[in-house]
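Using the sequences provided together with the hints, build the complete structure.
One letter stands for each residue in the lines below.
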Amino acid sequence: SSNEHKLNFKKSKEACLSYIQDALLQKQWKRAAEFLTCYVESLEKDYSREHIGPSEMIWRIGTEILRHHSQNSMKEFNCFMEQMKTLGVKRYLKVCLEHVFHLLCNGQIDEAYQNLSLAESWRFGEQTAIQDKEMKLIQAYRGLLDYYSWSKQKNILLEHGEDGFSDLAVEQEMHGYFRKAAVNLKEIIKIPGVWDIFVKCYVDLLEFYGDHNEAHQVLNEYAYNSKFPANPNAHVYLYQFLKRQGESKKSLISALKILHDIVPSHELMIDFNTMLQKSKKRKKRRLGLEVIFAALDYAGWKENAKAWSCLARQVKQIVISEKHLDWIKQEWNSRKDWWPAFHFSRYLAKRNWQENKSLSYEKALVAGILLGKDCKYFKYVSHQGCKAQLKRFRILKKFVNRHNPVCLRISG
Amino acid sequence: RDFNERCAQCSEVNWGLTDGGRFYCRSCHNVTERTREVVNTDFITNSRVQTISKGSRKQEKNDGGCEWYICEGFQLVLKKQVEALEALGVCPQMKDEILCNFWRCYLQKSKQAYCKRPAGETIKALSVCESSTDVDSDPERPSLLHLLSLSESEGDLQTDCSFASSASKVSESTSVYSGSVDGSLYLMKNQKEKLNMTMPMTLSFCYMALLWVREPITLSELLRFVVEGHIPYLNVFQHFPEKMKLCGLDLKIFCVESWPVYEEVFNKMHELAAFLDLPRFPDITESCFLHPDMLCMKYLMEANLPDELHNWTCRVVKKIGIGEVDFLTLMPGNKSTRKVKYDVLAAAVIVVVLKLLFLLDDHYEWLLSELAEERNKNNTEGGPYFEFKKWYEVVKHSLDVEQKKLDEERAKYLWRCEKPLFYSVKNKSKVLKRRQMVVNLQNQFGKLSGSVQRAEKPNPSSFQLSWSEENTDGSCFHGHSLKGILQEKCGVLTAMNPDYWLCTVKLCNEKLCGHLAHYREVEFPQSYHFVLGLFSFLLRVQPSYIHDEVCMIEHKLFNKKLCKKLKYNTVLRK
Numbered sequence: 001s002s003n004e005h006k007l008n009f010k011k012s013k014e015a016c017l018s019y020i021q022d023a024l025l026q027k028q029w030k031r032a033a034e035f036l037t038c039y040v041e042s043l044e045k046d047y048s049r050e051h052i053g054p055s056e057m058i059w060r061i062g063t064e065i066l067r068h069h070s071q072n073s074m075k076e077f078n079c080f081m082e083q084m085k086t087l088g089v090k091r092y093l094k095v096c097l098e099h100v101f102h103l104l105c106n107g108q109i110d111e112a113y114q115n116l117s118l119a120e121s122w123r124f125g126e127q128t129a130i131q132d133k134e135m136k137l138i139q140a141y142r143g144l145l146d147y148y149s150w151s152k153q154k155n156i157l158l159e160h161g162e163d164g165f166s167d168l169a170v171e172q173e174m175h176g177y178f179r180k181a182a183v184n185l186k187e188i189i190k191i192p193g194v195w196d197i198f199v200k201c202y203v204d205l206l207e208f209y210g211d212h213n214e215a216h217q218v219l220n221e222y223a224y225n226s227k228f229p230a231n232p233n234a235h236v237y238l239y240q241f242l243k244r245q246g247e248s249k250k251s252l253i254s255a256l257k258i259l260h261d262i263v264p265s266h267e268l269m270i271d272f273n274t275m276l277q278k279s280k281k282r283k284k285r286r287l288g289l290e291v292i293f294a295a296l297d298y299a300g301w302k303e304n305a306k307a308w309s310c311l312a313r314q315v316k317q318i319v320i321s322e323k324h325l326d327w328i329k330q331e332w333n334s335r336k337d338w339w340p341a342f343h344f345s346r347y348l349a350k351r352n353w354q355e356n357k358s359l360s361y362e363k364a365l366v367a368g369i370l371l372g373k374d375c376k377y378f379k380y381v382s383h384q385g386c387k388a389q390l391k392r393f394r395i396l397k398k399f400v401n402r403h404n405p406v407c408l409r410i411s412g
Numbered sequence: 001r002d003f004n005e006r007c008a009q010c011s012e013v014n015w016g017l018t019d020g021g022r023f024y025c026r027s028c029h030n031v032t033e034r035t036r037e038v039v040n041t042d043f044i045t046n047s048r049v050q051t052i053s054k055g056s057r058k059q060e061k062n063d064g065g066c067e068w069y070i071c072e073g074f075q076l077v078l079k080k081q082v083e084a085l086e087a088l089g090v091c092p093q094m095k096d097e098i099l100c101n102f103w104r105c106y107l108q109k110s111k112q113a114y115c116k117r118p119a120g121e122t123i124k125a126l127s128v129c130e131s132s133t134d135v136d137s138d139p140e141r142p143s144l145l146h147l148l149s150l151s152e153s154e155g156d157l158q159t160d161c162s163f164a165s166s167a168s169k170v171s172e173s174t175s176v177y178s179g180s181v182d183g184s185l186y187l188m189k190n191q192k193e194k195l196n197m198t199m200p201m202t203l204s205f206c207y208m209a210l211l212w213v214r215e216p217i218t219l220s221e222l223l224r225f226v227v228e229g230h231i232p233y234l235n236v237f238q239h240f241p242e243k244m245k246l247c248g249l250d251l252k253i254f255c256v257e258s259w260p261v262y263e264e265v266f267n268k269m270h271e272l273a274a275f276l277d278l279p280r281f282p283d284i285t286e287s288c289f290l291h292p293d294m295l296c297m298k299y300l301m302e303a304n305l306p307d308e309l310h311n312w313t314c315r316v317v318k319k320i321g322i323g324e325v326d327f328l329t330l331m332p333g334n335k336s337t338r339k340v341k342y343d344v345l346a347a348a349v350i351v352v353v354l355k356l357l358f359l360l361d362d363h364y365e366w367l368l369s370e371l372a373e374e375r376n377k378n379n380t381e382g383g384p385y386f387e388f389k390k391w392y393e394v395v396k397h398s399l400d401v402e403q404k405k406l407d408e409e410r411a412k413y414l415w416r417c418e419k420p421l422f423y424s425v426k427n428k429s430k431v432l433k434r435r436q437m438v439v440n441l442q443n444q445f446g447k448l449s450g451s452v453q454r455a456e457k458p459n460p461s462s463f464q465l466s467w468s469e470e471n472t473d474g475s476c477f478h479g480h481s482l483k484g485i486l487q488e489k490c491g492v493l494t495a496m497n498p499d500y501w502l503c504t505v506k507l508c509n510e511k512l513c514g515h516l517a518h519y520r521e522v523e524f525p526q527s528y529h530f531v532l533g534l535f536s537f538l539l540r541v542q543p544s545y546i547h548d549e550v551c552m553i554e555h556k557l558f559n560k561k562l563c564k565k566l567k568y569n570t571v572l573r574k
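Residue numbers (the UniProt record's numbering), protein chains in the order written: chain A, 1 to 412; chain B, 1 to 574.
These are calculated hints, taken from the structure and not from any lab test. Glycine included, each C-beta is placed from N, C-alpha and C at the ideal position.
Going by beta-carbon spacing under 10 Å, a handful of chain B positions derived as facing chain A:
1) Ser-258
2) Glu-264
3) Asp-407
4) Lys-412
5) Trp-415
6) Leu-421
7) Arg-435
8) Asn-440
9) Gln-444
10) Phe-445
11) Gly-446
12) Lys-447
13) Leu-448
Keeping only pairs whose Cα atoms sit at most 20 Å apart, straight-line, the calculated EDC-like set for lysine to aspartate or glutamate is:
14) B:Lys-430 <-> A:Glu-82
15) A:Lys-180 <-> A:Glu-111
16) A:Lys-6 <-> B:Glu-409
Residues of chain B clear of chain A, computed beta-carbon distances all greater than 10 Å:
17) Pro-384
18) Phe-463
19) Leu-507
20) Glu-510
21) Lys-556
22) Lys-560
What follows is the structure, given as C-alpha cells:
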C-alpha cells in the first residue's frame, strides 16, 4: 500500500495539469506557460488508453495561453498551430478550423482564406472520410469568405453604377465569388444543424440574383425540416424574407406561429400580436391575446410600453364590446396570483409614473380592467394623472369607472 | 587484470595497465615487462587501460552497436552512483573496495558472472574467477563478461567457460526485443530465486555499502539526494557508451518512471544482504552518526526544538535499549531481530518525547504553552522558556512554505532526457520527431514563462530547514529552556504532564499485514498529526511509516504497564 504514494510520471503530470488549470482560471498566463513547459514531455509517453490525450491537452491549453499572453505574436501562434496540426491526424481539420477562427478574430482574412484552401486540399486515407463533417465546415467557411468578397465587389459595383461607370471586370469577379460561395453554402445547409450565418448569406445571394423560389425553399427547409434542431432564428429569417417579398398576412402569421411556441418572449411577438388583433378570424384574435399575455410574462418586457399598449388596446376593445370576456378570464386565471405583485405593485406604480408616463398609462388601463378600479396601481396612477391635469388620465379614470362591473366579472 | 602473479616488490596482487600496455603494480607502482597485446580498441574510450577480447563477440552490428549484458548496464549505473557519492564526500574506499566487492559477490551468487558454467542457462556467464584486482578500474569498458586474454598460465580456464558464441544464438532471436543480449530473459526469470537487479536495487546496493562504511548518510537522505538529482538514477542510461544500444525490453529495466520508495529500497537491501551471505556489519556504536542519540540531535536541530530535549531522547533510548550495539548493528539473515530504520527510529523517539512532555491531545499542549508564557513574563535570567504555541506557529509557517515549494517542484519534474528511447528500430523516427516537437514546445512556452528561470540544482545539503540563533526575531528555539513546562520533584525536574496516550493498544502482526499499526489522520489529534507531518516532510516518508515506529517504541516503553492493563483505558499514568 505504500506504493500508492509513489510519485511517478503519471501522478507528476496530473499534478502539473492541475497547476496549469489553477493558473488558467486565475489568468496567470506566465505561470501557466511555466507549467505547460514541464507538461509537454507527456507527448513522449503512450496515453492511448486515456480519454483525452496529452496532445489534445497541449493544443487546447497552449491555444488559451497564446491567445491571452501579452507577449504573444501572431507569428508565434501560427507556428504553434502548425505544430499542433502535425500532432494528431484525427484532429487535423479541427485544429485547422480553430486556427482559422483565430485568424479571423485578429482580422487576418487573407491568411484565414489561405489556411482554409490548404485544409480543403488535405487528404489522408480513411481519415478524409471520417472527418467529412469538418471538411464540410471548412468548405462552408471558405464559402462564407467568398460571400464577403462578393459583397465587397457588389458594393464597389453599386458605387460605380452611381457614378455612371460600368465595370465589367468587377462584375465578373463578383459573379465568380458568387458561384464559389453558393456551391459551398448550399452544401452545408443540407446537413441538419444550426447554420444561421450561412443561411443568411446564401439567401442574400439568391435574392440578389432574383432566385426567390430557391430562397423560399431554403428558408422553409431550415425552419420546418424536423431533422434540423429547433431554431428560433430560422423562423425569424423566414418571416423577414416573406415580409420583404410582400407576402400575405396569412403566410406571415403562419411563419411566426412556431416562433411564438418556441420563444414566447421574442421581440417579434409585438408584430405578431398586431397582425393577429386585426384579423377577422376569431381564432386569430384569440391567439393574439394569448401571445401578448405570454410575452408580458417575461421580466424583459415589464417596461415595454409598446407591448402594454397592444395588450391595453385589445382588452379595452373586448371590454367595450362585452364579447369574449371569457378570453380575458381564461388568460387571467393562471396569472392572477402573481401578476399583481409582478407588474402592478405600488412601488412599480410610483416608479413607472416617474420614469415613463405612457407606460404607466397603458399599464393602468390594463390594471384597471383586470383588477378593478380599487387596485393600487390604477388608483395611484390615475390619481397622479388627474392631479397633473393630463387629459387622457381623466378619460382613463372615467372609462374604468364606467366599466367597473364588467371588470369585476373578470376578476371574480 | 587476470594477472595473478605477485608483485616482485611488494607481493601484492593489484595490477593495472600503463599506457604502454605494461602491467604495473598499484600498490608500489612497480612496472613489469609483461605486456598485453592490444587487439581491439574499438569501444574503449579510456585509453589508459586496454584489454584484449577474445571470443566471438560480434563487434559491429548494423548500427555500430555491440553486444552487452544487462548486468553490465547495472554495473555502469552503480559506478556512476558511487562516483556521485564520492563527490558528495563519501570515502573513496566505498567505491574501490566495498561496493565493488559487494557487486562481484552478487554477480557470483546470482550466477551472472565469476563462476563456472551454471547449469540450465542458455546464456552462460563467464569470466575469470577470484581476482583481487579492481574490476572497476576500467570504467568505460562495457564488457565484464568477456574472456580476457590471458597470459599463458591461465589458458586452461578458457575451456571451463563458454563464450558469447552460445550467447550469440540467443541474441539473434532476442535482438528484436532488446538491445541487450539477455534483456528478455532477464525479465522472464523467476525473481525470487535469483534476485534480479532492478533500478531501485542499485540504491539498495549503495545504501548497503554506506551502512557498511557507516557513512553519515541515512537512507532518507540518500533517497532525497537521488530525487534532487545529486545521485544518478532517473536517466542514468544516457551515460552508457554509444555502442551499448538500449531498446525494447531494456527500457523496462533501465528506464525509471517513479521515484524509489523508502520501504522498497530498505527491504530489498536486507534481502540482498542475506542473499550475499554477508557477515555481521560493522558495529554501530554511540559515536556513530547513525546512533539514535546522534540522529536525534540532528533532527531536533532541524525541527527547531530546544537542545534540552536531547536529554529526554537519550533517556528514552536508554530505557528501551535501542541504543545497544547489538540492536543497531545489522546481522544479515537474522530473521528474529527487527530491521532498524535509523532515521525513522530517531524521528519516532522525538515524537514520543514530545508526547511525554506535551501530551499532544490538542488540549494540554496549549495549556502548557500558556503556562510557559506566564512564566516567561517573570523570567529574567537565562534564555526564554519554550512555548509550544510559538514554536508551532514558526515551524508550521516554514513547513507550509517548503511543502508548497516541494509540491510545485514535483509537478515540474522533467522525466525525459535527450537520449531517445524506442522500443524497436521501427518507431525510432517517430520517437525522434516527437522529441523534436517536445523541445520546440518547451522553447516556445519556456520563453513565455517570463523571467522565471528553472532554478539550478540546489547544492546538496544535509539540512532542509535551518534556524539561526542570530535571528533576533526569536524564530530559533534551540536555546530555549524547558523549565517552563517542567516541575521540580525531589530535586529532579520532571514533566508536568502526568498522562500519556498510546497510539495503539495492540500492535498488528507485521508479518501478516506489513505494518505494526494503521494510521488514519482523523483518528488522532491534530498536534500529533502535525508533528508526524513535520518529520514526514524531513524524511520524505509517509506519516504512517513514522507512526509505526512510534507504536513500537511506546510498546517497549510501557511494556510492563501494558501487560497489566491491556484491555483497559488507553490513557496511562506514567
